[in-house]
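Here the protein sequences come in this chain order: F and V. Residues in the first sequence are numbered consecutively from 1, following our numbering. Residues in the second sequence are numbered consecutively from 1001, following our numbering.
Read the hints as simulated data drawn from the structure, not as lab findings. Don't take each hint at face value.
Said to hold, decoys possible - SDA-like mimics (lysine to any residue), calculated; alpha carbons at most 25 Å apart, straight line:
| # | chain 1 | residue 1 | chain 2 | residue 2 |
| --- | --- | --- | --- | --- |
| 1 | V | K1181 | V | H1156 |
| 2 | F | K251 | V | M1042 |
| 3 | V | K1135 | F | V221 |
| 4 | F | K106 | V | I1232 |
| 5 | F | K251 | V | N1139 |
| 6 | V | K1125 | F | D223 |
| 7 | F | K251 | V | L1255 |
| 8 | V | K1181 | F | K183 |
| 9 | V | K1135 | F | L218 |
| 10 | V | K1135 | F | K106 |
| 11 | F | K106 | V | G1138 |
| 12 | V | K1135 | F | R248 |
| 13 | F | K251 | V | G1014 |
| 14 | V | K1135 | F | R141 |
| 15 | V | K1181 | V | M1147 |
| 16 | F | K183 | V | T1136 |
| 17 | V | K1135 | F | D223 |
| 18 | F | K251 | V | K1135 |
| 19 | F | K251 | V | T1136 |
| 20 | F | K106 | F | Q314 |
| 21 | F | K251 | V | G1138 |
| 22 | V | K1135 | F | Q314 |
| 23 | F | K106 | V | D1231 |
| 24 | F | K106 | V | P1233 |
| 25 | V | K1069 | V | D1019 |
| 26 | F | K251 | V | D1015 |
| 27 | V | K1135 | F | H216 |
| 28 | V | K1125 | V | L1255 |
Since the structure is predicted, the reported quantities are computational estimates derived from the model, not experimental observations.
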Amino acid sequence: MNARNTNEPAPDPSQEGNSASTGAMLLPSFGGVRGGFSRRTFLMTTGMAAVAVGGIAFVEGRAAQSSLKPKPISIGLVDTNVALGRWPFRRLPLDDTPGLVARLQKLGVTQCWAGSFAGLLHRDIAGVNARLVEECRKHGRGLLVPFGSVNPMLPDWEEDLGRCHAQYKMPGIRLHPNYHGYKLDAPVFVRLLHLARANGLVVQIAVSMEDERMHHALARVADVDLSLLPALIKDSDAPRLVLLNWYRAVKGDLLKSLADTGNAWFDVATVEGVGGIANVLTQIPASRVVFGSHAPFFYYESAWLKLAESALSQEQTRAICADNARRVWSHS
Amino acid sequence: MIWDVHTHLSGVPGDTPEDRLARLLEFADRMGIERLCVSMGMNWSHDPPPDDLRRQNDEVLRAVTRWPKRAFGFVYLNPNHIEVSLAELDRCLRDGPMVGVKLWVARHCNTPELDPMVRRATELKAVILQHTYIKTTGNLPGESTPMELAELARRHPDATFICGHTGANWEMGIRAIRDCKNVYADLCGSDPTAGYTEMAVRELGATRVLYGSDAGGRSFASQLAKVLGADIPESAKKLILGENLKRILMPMLKLKGIKL
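Work out the full structure, taking the sequences as your base and the hints as a guide.
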């Protein structure tokens, strides 16, 4: 667990004006004319040097000082929180799958767990999942792993879950309890967890999709209330749960009690505040945190840059970027 | 060059203003951010009485005085206390090191009570950063919207305004300020929803868009992503990340003899 940079020296006032503008060799260079976090700083603060030593491809790049294009290459990044298709309320710059995949590949993502925006509101979930699988097959370039939607409020939802497992060989499913209109104490949800476990499926719960304050006035959807979840997943027969976009809804004791079950993981997409990921690691172990971007709804660069903003150890970085997600999948 | 138009001394650890700014600068350094505009104190209130207003400004003065080459102070004013606010403007900006004005949620910004403060700030060549939000869940009682800021801006065409958060509900906020050439869009303080910056550049032009973070409550990184991840020309990114802010602060910086 990280002690949140407590050993780092405070900036020396006598050096002010220098630290952000030394213009050292840049790895992911965003600083432009004078700024940019240096490659050396980035390696030190994120532990990427050791990641490279550890054999995960990590191509160094000296970005031109005049360039503002992000230039991270590959660290074997597993993104657990991507959705395909169209967001119902606006066009997103990367809501075409080929464009999204090209961008993610360019930025070093090697695997994406992809759900469907259509899974929020469509009732023909079987059609949504069939299209998701086809989209991943057609445009995924080996990057996209489909996570089908299941809505337990629909008749015969068990068939959708069964197809995700048996027909499509998906490693997991994605749930939207708030958009589908059930609470986590509903018996049907408990049954869904049981079936998911029996079929070896990872269960992702999207706690929110959008800041509630920004919702369309005609489509307000409260964040999922997770307060009952620890009791449901504390036993060894619970499925593995990945909580997406949870940060605004889960604080303090609830966060810890969910982590303590040993069956819940948390993505970083909505984590906020300076050094936000490091702050989270003062509350739960790095083994519970996975990389998730919430792209293309969010700019992908947000999650990626947050790794750099927090001073993570090499072990923490490796765990969050790839190892934890792989472990979740392999144990499903 | 990255300049951040919108940071605070809250949401970051530290027992003193100096400690807190030191911590902010550590994170800023990691992200390549050269300068921070800082406003409001270590503890906030929606409608600060005069003593609290002065305390908060004193804290910012302490912090920016320690790092004059890394941080600019914005004086926090409360339109419910006009005379005190005008005195704070003189104390902290005319006679002190601060370079801009910050208005938060004490009173809707379209009310005429703001006019004397805007006139005085404009005489002093200060830009005015007004918080704005459009919450589907409902704004705070005195919380302004971009539509209200546009009203104020039309009354004061010679003033320079920064639309804090651009309403956060940015598709509405950008439209609201579109025809007010003296209003700049501040991208900070909302989730990094894709398309935000592209729309701002399309509708306002890149010269009217500013990078800000709202750190420490927000991540520098998530807010930088709005610019760095946007599908806009590199020249536009440079304007947004720092060149625009430098340009609009320059009259004040020259007046104060601040060399960059």
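Violated constraints from the hint list, given by number and in increasing order = 6, 7, 8, 10, 11, 14, 22
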